[in-house]
Amino acid sequence: MKSSELAKSLNLTLLVDVESEIHIEGVYIGDLLSIVMAKAKNNYAWITIQTHINIIAVAELLELSCIIIVENMEVDNDTLDKAKELNIPIFKTEKTAYEIACILYDMGIK
Amino acid sequence: MSDKGLIKRIAYNVPANDFKAAGKSSSSIKSNLKAIGIDARILRKIAIISYEAEINIVIHSYGGNLYCDLYEDKIVIVSEDKGPGIPDIEKAMTEGFSTASESVRELGFGAGMGLPNMKRYSDEFEIESSENGTVIKITILI
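Those protein sequence lines, which keep their order, are chains A and B. Following this note's numbering, the numbering of the first sequence begins with 160 at its first residue and continues without gaps. Following this note's numbering, the numbering of the second sequence begins with 933 at its first residue and continues without gaps.
Certain hints may be false.
Simulated coverage check for chain A against chain B, where a stretch passes if three residues somewhere in it have a Cβ under 8 Å from a Cβ of chain B [said to hold, decoys possible]:
| # | stretch |
| --- | --- |
| 1 | 179-193 |
| 2 | 196-204 |
| 3 | 209-221 |
If you are wondering where the hints come from, they were derived from the structure by calculation, not from laboratory data. A virtual CB, placed ideally from N, CA and C, is assigned to each residue, including glycine.
With the rest of the complex left out, here is chain A:
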């Protein structure tokens, strides 16, 4: 689906939109980059409270489908610029990681 459609169905703020379709094949929740590196996989949505520019390096290396920033954390402009450059969709929400995970689960991502 399009980033905008995902934003709408999960009630997320779309911070970085991309042209291509998003395919979510799994979900990983984590804030420690090394653990995310080892566990998240290609086309996973990553739910985190980290907003530093290095989350983009992790998403790019793992070819994640998108990053969902939870708990309304403020995202650095550097992070958004880099995400635009590398075509990585970023969403933001005031919901918790658990709430977003539940919604994704109900959407059929298991």
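We have chain A already, so just place chain B on it with the hints.
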């Protein structure tokens, strides 16, 4: 380790404390290897290993170099830094053990999984360290 059969070496300078650029060398290694048709499963291992090696140079060293050596049957990631070295390698290899500062941890680094992840995803793992620097050679068979 001999250089026999080395097809190509790609070299990167990795400066200390440059968190904004951290990950750049690993991304370049991955896209170079992807371009020559390396399998996605191998690419994932190399991405994890090179990222951890690069981040370790940024966080813990005075700067260094990262190399990706391509052989016919293997890829070797080499990390060489300028010190100050790892006082207790055995401890550093323990999952969860980290000497990273609080400010670095707040950015999501310093999980204490860097060296263990490198070893886990490698086929061969060699590490040598003194106060003049640390050299890590990680082999991934292809």
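- Hints violated by the structure (listed by number, smallest first): Of the numbered hints given earlier, the structure breaks none, since each of them holds.
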